[in-house]
Amino acid sequence: MLKITNLSKKFKKRMILDDINLELTFGNIYGFIGANGSGKSVFFKTICGFLKADGGTVALNDEVIGKDIDFLPELGVLIEKPGFIENYTQFENLKYLAQINNTVHDEDIKATLEMVGLNPDNNEKVKNFSLGMRQRLAIAQAIMEKQKIIILDEPFNGLDKQGAAQIKQLLLELKSPDRLILLTSHIAGDIEELSDYIFEFSAGKIVPVNL
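Heads up: the sequence shown begins at 0 in numbering that gives the first Met the number 0, then just goes up one per residue.
It is worth saying that the hints were derived from the structure and are not from the lab.
As the structure is a computational prediction, the values presented were derived from the model and not from experiment.
Watch out, some of these pointers could steer you wrong.
What the hints assert, rightly or not - With a straight-line cut-off of 16 Å between C-alpha atoms, the simulated EDC-like cross-links for lysine to aspartate or glutamate are:
#1 K167 - E153
#2 K145 - D189
#3 K160 - D120
#4 K12 - D53
#5 K51 - D17
#6 K204 - D17
#7 K9 - D53
#8 K145 - E106
#9 K147 - D177
#10 K109 - D120
#11 K2 - E22
#12 K2 - E91
#13 K11 - E62
#14 K2 - D67
#15 K174 - E192
#16 K109 - E91
#17 K126 - E91
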(Lines of atoms letter the chains of each structure in order from A and count residues from 1; the text may use other names and numbers.)
(Lines give C-alpha, C1' and ligand atoms only; values in the text may rest on other atoms or scores of the structure.)
Protein backbone atom coordinates (compact mmCIF):
# COMPACT_ATOMS: atom_id res chain seq x y z
CA MET A 1 0.00 0.00 0.00
CA LEU A 2 1.06 3.57 -0.72
CA LYS A 3 -0.11 5.64 2.24
CA ILE A 4 -0.18 9.43 2.05
CA THR A 5 -0.69 11.15 5.40
CA ASN A 6 -1.27 14.87 6.03
CA LEU A 7 0.77 15.74 2.94
CA SER A 8 1.30 19.43 2.26
CA LYS A 9 3.33 21.39 -0.25
CA LYS A 10 3.41 25.09 -1.03
CA PHE A 11 5.31 27.38 -3.36
CA LYS A 12 5.91 30.85 -1.95
CA LYS A 13 2.59 31.61 -0.25
CA ARG A 14 0.40 29.37 -2.37
CA MET A 15 -0.69 26.07 -0.85
CA ILE A 16 -0.60 23.50 -3.67
CA LEU A 17 -1.28 20.41 -1.56
CA ASP A 18 -3.23 20.98 1.64
CA ASP A 19 -3.28 18.15 4.19
CA ILE A 20 -3.76 15.28 1.71
CA ASN A 21 -4.68 11.84 3.06
CA LEU A 22 -4.97 8.85 0.71
CA GLU A 23 -4.44 5.11 0.82
CA LEU A 24 -3.65 3.63 -2.60
CA THR A 25 -3.65 -0.15 -2.88
CA PHE A 26 -1.94 -2.33 -5.47
CA GLY A 27 -4.13 -3.95 -8.08
CA ASN A 28 -5.95 -0.72 -8.89
CA ILE A 29 -5.74 2.11 -11.39
CA TYR A 30 -6.24 5.53 -9.79
CA GLY A 31 -7.19 8.50 -11.94
CA PHE A 32 -6.62 12.13 -10.99
CA ILE A 33 -8.33 15.04 -12.68
CA GLY A 34 -8.11 18.80 -12.27
CA ALA A 35 -7.46 22.03 -14.09
CA ASN A 36 -3.98 22.97 -15.26
CA GLY A 37 -2.05 24.30 -12.27
CA SER A 38 -4.24 22.49 -9.76
CA GLY A 39 -1.33 20.46 -8.39
CA LYS A 40 -1.43 17.14 -10.23
CA SER A 41 2.22 17.18 -11.32
CA VAL A 42 3.39 18.53 -7.95
CA PHE A 43 1.51 15.73 -6.21
CA PHE A 44 3.11 13.08 -8.40
CA LYS A 45 6.62 14.53 -7.97
CA THR A 46 6.17 14.71 -4.21
CA ILE A 47 4.94 11.16 -3.72
CA CYS A 48 7.76 9.87 -5.93
CA GLY A 49 10.32 11.64 -3.75
CA PHE A 50 11.41 14.12 -6.43
CA LEU A 51 10.08 17.06 -4.40
CA LYS A 52 10.36 17.41 -0.64
CA ALA A 53 7.04 17.80 1.15
CA ASP A 54 6.56 20.69 3.57
CA GLY A 55 4.55 18.46 5.88
CA GLY A 56 3.20 14.94 6.20
CA THR A 57 4.53 11.64 4.93
CA VAL A 58 4.40 9.27 1.98
CA ALA A 59 5.03 5.63 2.90
CA LEU A 60 5.24 2.49 0.81
CA ASN A 61 4.55 -0.57 2.97
CA ASP A 62 5.59 1.44 6.06
CA GLU A 63 8.84 2.72 4.50
CA VAL A 64 8.74 6.52 4.51
CA ILE A 65 9.92 8.34 1.38
CA GLY A 66 12.77 10.72 2.22
CA LYS A 67 13.54 8.89 5.47
CA ASP A 68 13.72 5.13 5.04
CA ILE A 69 14.05 5.28 1.24
CA ASP A 70 14.87 8.20 -1.05
CA PHE A 71 12.45 7.43 -3.86
CA LEU A 72 9.64 5.02 -4.67
CA PRO A 73 11.27 1.73 -5.74
CA GLU A 74 10.46 -0.10 -8.96
CA LEU A 75 8.99 3.11 -10.32
CA GLY A 76 8.09 3.86 -13.93
CA VAL A 77 7.21 7.50 -14.37
CA LEU A 78 6.22 10.07 -16.96
CA ILE A 79 5.79 13.57 -15.56
CA GLU A 80 5.58 16.60 -17.83
CA LYS A 81 7.75 16.75 -20.96
CA PRO A 82 9.80 13.58 -21.47
CA GLY A 83 13.52 14.14 -21.97
CA PHE A 84 15.62 12.07 -24.34
CA ILE A 85 19.08 12.15 -25.89
CA GLU A 86 18.17 13.76 -29.18
CA ASN A 87 20.92 12.22 -31.32
CA TYR A 88 20.18 8.70 -30.11
CA THR A 89 17.63 6.36 -31.67
CA GLN A 90 14.63 5.19 -29.66
CA PHE A 91 16.38 1.89 -28.93
CA GLU A 92 19.61 3.62 -27.88
CA ASN A 93 17.70 5.87 -25.48
CA LEU A 94 15.98 2.94 -23.80
CA LYS A 95 19.17 0.88 -23.77
CA TYR A 96 20.98 3.76 -22.04
CA LEU A 97 18.29 3.90 -19.35
CA ALA A 98 18.14 0.11 -19.02
CA GLN A 99 21.85 -0.03 -18.17
CA ILE A 100 21.16 1.72 -14.84
CA ASN A 101 19.39 -1.31 -13.35
CA ASN A 102 20.55 -3.86 -15.93
CA THR A 103 17.41 -5.97 -15.59
CA VAL A 104 16.16 -6.05 -19.19
CA HIS A 105 17.71 -7.29 -22.41
CA ASP A 106 17.66 -5.96 -25.97
CA GLU A 107 14.74 -8.16 -26.93
CA ASP A 108 12.74 -6.88 -23.96
CA ILE A 109 13.33 -3.30 -25.13
CA LYS A 110 12.25 -4.11 -28.67
CA ALA A 111 9.14 -5.89 -27.40
CA THR A 112 8.24 -2.84 -25.30
CA LEU A 113 8.63 -0.52 -28.28
CA GLU A 114 6.23 -2.71 -30.20
CA MET A 115 3.78 -2.73 -27.28
CA VAL A 116 3.48 1.08 -27.35
CA GLY A 117 3.05 1.16 -31.13
CA LEU A 118 6.58 2.04 -32.24
CA ASN A 119 8.48 0.13 -34.91
CA PRO A 120 11.38 -1.55 -33.06
CA ASP A 121 13.46 -1.52 -36.26
CA ASN A 122 13.21 2.25 -36.70
CA ASN A 123 16.74 3.73 -36.52
CA GLU A 124 15.64 7.35 -36.88
CA LYS A 125 17.09 9.75 -34.32
CA VAL A 126 14.67 10.90 -31.64
CA LYS A 127 15.21 14.56 -32.59
CA ASN A 128 13.09 13.83 -35.68
CA PHE A 129 10.24 12.20 -33.74
CA SER A 130 6.74 13.65 -33.70
CA LEU A 131 5.10 14.56 -30.40
CA GLY A 132 3.07 11.36 -30.51
CA MET A 133 6.15 9.20 -31.09
CA ARG A 134 7.93 10.89 -28.19
CA GLN A 135 4.95 10.23 -25.97
CA ARG A 136 4.92 6.55 -26.91
CA LEU A 137 8.66 6.35 -26.19
CA ALA A 138 8.16 8.01 -22.81
CA ILE A 139 5.52 5.43 -21.91
CA ALA A 140 7.88 2.68 -23.09
CA GLN A 141 10.59 3.78 -20.65
CA ALA A 142 8.03 3.80 -17.83
CA ILE A 143 7.02 0.16 -18.39
CA MET A 144 10.00 -1.58 -19.98
CA GLU A 145 11.37 -2.94 -16.69
CA LYS A 146 7.96 -4.26 -15.61
CA GLN A 147 7.87 -1.63 -12.91
CA LYS A 148 5.50 -2.26 -9.99
CA ILE A 149 4.48 1.39 -9.63
CA ILE A 150 3.57 3.27 -12.82
CA ILE A 151 2.84 7.01 -12.63
CA LEU A 152 1.81 8.71 -15.86
CA ASP A 153 1.02 12.42 -16.04
CA GLU A 154 -1.10 13.13 -19.14
CA PRO A 155 -0.02 9.97 -21.01
CA PHE A 156 -2.40 10.62 -23.93
CA ASN A 157 -0.93 14.02 -24.85
CA GLY A 158 0.04 14.14 -28.51
CA LEU A 159 -1.64 10.84 -29.36
CA ASP A 160 -4.33 10.55 -32.02
CA LYS A 161 -7.54 8.64 -31.32
CA GLN A 162 -6.08 5.32 -32.44
CA GLY A 163 -2.90 5.84 -30.44
CA ALA A 164 -4.80 6.78 -27.29
CA ALA A 165 -6.98 3.67 -27.65
CA GLN A 166 -3.88 1.50 -28.01
CA ILE A 167 -2.26 2.91 -24.86
CA LYS A 168 -5.50 2.57 -22.90
CA GLN A 169 -5.68 -1.09 -23.81
CA LEU A 170 -2.03 -1.53 -22.83
CA LEU A 171 -2.63 0.03 -19.41
CA LEU A 172 -5.58 -2.28 -18.80
CA GLU A 173 -3.37 -5.24 -19.71
CA LEU A 174 -0.66 -4.01 -17.33
CA LYS A 175 -3.09 -3.86 -14.42
CA SER A 176 -2.32 -6.68 -11.99
CA PRO A 177 -2.58 -7.45 -8.25
CA ASP A 178 1.08 -6.55 -7.70
CA ARG A 179 1.05 -3.28 -9.65
CA LEU A 180 -0.16 0.22 -8.79
CA ILE A 181 -1.01 2.62 -11.64
CA LEU A 182 -1.67 6.35 -11.21
CA LEU A 183 -2.83 8.53 -14.12
CA THR A 184 -3.82 12.09 -14.83
CA SER A 185 -5.64 13.51 -17.82
CA HIS A 186 -7.38 16.76 -18.64
CA ILE A 187 -9.95 14.63 -20.49
CA ALA A 188 -12.27 13.17 -17.87
CA GLY A 189 -13.52 10.46 -20.23
CA ASP A 190 -10.05 8.92 -20.50
CA ILE A 191 -9.79 8.66 -16.74
CA GLU A 192 -13.32 7.30 -16.31
CA GLU A 193 -12.64 4.61 -18.90
CA LEU A 194 -9.57 3.27 -17.10
CA SER A 195 -9.81 4.00 -13.40
CA ASP A 196 -11.09 2.00 -10.48
CA TYR A 197 -11.07 5.17 -8.38
CA ILE A 198 -11.03 8.83 -9.40
CA PHE A 199 -9.92 11.88 -7.41
CA GLU A 200 -10.21 15.56 -8.27
CA PHE A 201 -7.83 18.36 -7.33
CA SER A 202 -9.59 21.44 -6.03
CA ALA A 203 -8.15 24.34 -3.99
CA GLY A 204 -5.28 22.26 -2.63
CA LYS A 205 -7.49 19.32 -1.69
CA ILE A 206 -7.96 15.94 -3.38
CA VAL A 207 -11.54 14.75 -3.22
CA PRO A 208 -13.05 11.44 -4.41
CA VAL A 209 -15.28 11.42 -7.45
CA ASN A 210 -18.17 8.99 -7.58
CA LEU A 211 -17.97 6.68 -10.60
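Checklist entry - Among all the numbered hints in the text so far, which are the ones the structure does not match? => result 2, 3, 12 and 13
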